[in-house]
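*Asks:* Here is what each chain is made of, one letter per residue.
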Amino acid sequence: MIELQNVNKWYGDYHALVDVTESIPAGEVVVVCGPSGSGKSTLIRTLNRLEPIQSGHIRIDGQDIHAPGIDVNAFRSRIGFVFQQFNLFPHLTVMQNCTLAPVQLRGLSRREAQERALALLERVGLAAKADAWPSELSGGQQQRVAIARALAMEPPLMLFDEPTSALDPEMVGEVLLVMRDLAEGGMTMVCVTHEMGFAREVADRVLFMDQGRVLERATPDDFFNRPQHPRAQQFLSDIRSPFAPAV
Amino acid sequence: MLEIVQTYWLYFLIGQYPNGPLGGLALTLILAACGLVLALPLGIAFGLARVSPWRWLRWPVTAFVFVVRGVPLLMVVFWAYFFLPSVTGVKTDQFATMLIALVVFDAAYLAEIVRAGIQGLPKGQMECARALGLGYGRAMRFVVLPQALRSMLPSLVNQFVSTIKETSLGYIIGLAELSFITTQINTQVFTKPAQVYAILGLSYFAMCFGLSRFAYWLERRLARRTSARTAPAAGGTA
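Chains as they are written, first to last, in this note's numbering: chain A, 319 to 565; chain B, 2 to 239.
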């Protein structure tokens, strides 16, 4: 479904993505992890062209999305993107947040869009908040609405860019549960996250990145128990709590 | 002072109308209202051009804004009155001249307010709208601009209040607006300039204060509409 071929990206002199080549089949859940500045957020943002690339190809369902002249809005509307900062539109209610794009882009009637949005809000456990303003919701609730809003376009692919990093710890769980529910429903997902528990339990594959390179690609079991690359071993030992008993 | 008001109130309010052209407070209000109504859409259009990704749109408007901001309104009025007719060959009357000058001048200032309002929004709003598949225009119209306009309301009102006061420059091209009429009254009364101009000052104050209060009310109302009916939940502002 997603093919990356020798993707390179620079910010000025800084080489943010180095020759990334990767293939993600439909239905797979991929977790991208790595230290800060490793390029994982950059990578996921290139997948819907929020960031341009300087060389290489990214194909989604066979379409080269960085080719000049393609309809960028059309392909973006088929990729759900969930941001670290939720980015709900504060001047619109929860319901309006979820119906704006379907009404504008899919040509649904307001009523049709509302019915669908309500079903999605139900799925993320927030149907009761349909008429609330974003400012009335907790961080976890806002992120769940953001997921429902992305799902309202019925995308076959969902991208998550550190969806729980801006949340208070007690709200992380509710968002991860919604994501797990999606994964179990067969959604193709790419998640940049620091939630190693989620990676272990939900991911089909873990990509480990450092300095713009994918250094390790493995099943969660292999990655957490038998990491191959020294940098990955280092990373895993660094993120283990210094207070936890050695295993 | 009361005596002056009793004698000249009608002249003060409408000038020589119906025996001559409409003037006085009525003309000032009409001029200010037309100025605001025409300058706001133009200012928004210019503001959008200032932040537009297309150079051919951004550069000319940027140049326009810099030129207009660099000259006094008085000069814009003179240009509109003397220079423009010599170029276009159409002699405009004082009202049209003053209106054009006001609209051009205010549009440049409003464009900067609009630009600041748009650029002051978190970048994530535009990004998120685009990620949903909305094009630049729709993202601007449905997501960015409604929020930006709300946040720039105090600055907009500031500019509108200025516009009301700027109408007084019509005086120098002989437009019978409030200041002009008051000067006429002062010439006739002759002995009480302090009182006559106090009435003028109070009139401007009343108009500007009224507009400020209306804006304040509007701001409160808009804020109430999108914020918590109850106290926001923890972490709600992240």
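Hints in this document: simulated from the structure, not taken from any laboratory. Fair warning: this is a prediction, and the values are worked out from it, not measured in the lab. Any given hint could turn out to be false.
Stated by the list, open to error - Here are the in silico distance ranges between beta carbons for each label pair: (1) A:N326 / B:S152: 18 to 28 angstroms; (2) B:L58 / A:G330: 45 to 55 angstroms; (3) A:R424 / B:L219: 40 to 50 angstroms; (4) B:R226 / A:E433: 21 to 31 angstroms.
Unchecked claim - Stretch-level coverage of chain A by chain B, calculated; a stretch enters the list once three of its residues show a Cβ under 8 angstroms from a Cβ in chain B: (5) 415-423; (6) 466-472; (7) 518-525.
Cβ coordinates follow ideal geometry from the N, Cα and C atoms, glycine included.
*Asks:* Next, verify each hint and record whether it holds.
*Replies:* Comparing the hints with the structure gives:
1. Evaluation of the 18 to 28 angstroms hint for A:N326 and B:S152 yields a failure: the beta carbon distance comes to about 39 angstroms.
2. Checked against the hint of 45 to 55 angstroms, the pair B:L58 and A:G330 fails, with Cβ atoms roughly 27 angstroms apart.
3. With their beta carbons about 34 angstroms apart, A:R424 and B:L219 fall outside the hinted range of 40 to 50 angstroms.
4. In this structure the hint that B:R226 and A:E433 lie 21 to 31 angstroms apart at CB holds, the actual value being about 25 angstroms.
5. Here's how the segment 415-423 of chain A fares: 4 of its residues keep a CB closer than 8 angstroms to some CB of chain B, so the rule of at least three is met and the hint holds.
6. For the segment 466-472 of chain A, the stated coverage by chain B is satisfied: 3 residues place a CB nearer than 8 angstroms to a CB of that chain, which reaches the threshold of 3.
7. A count of 0 residues in the segment 518-525 of chain A with a Cβ less than 8 angstroms from any Cβ of chain B is obtained; the coverage claim is therefore unmet, three being the minimum.
Hint violations for this structure: numbers 1, 2, 3, 7, all remaining hints satisfied.
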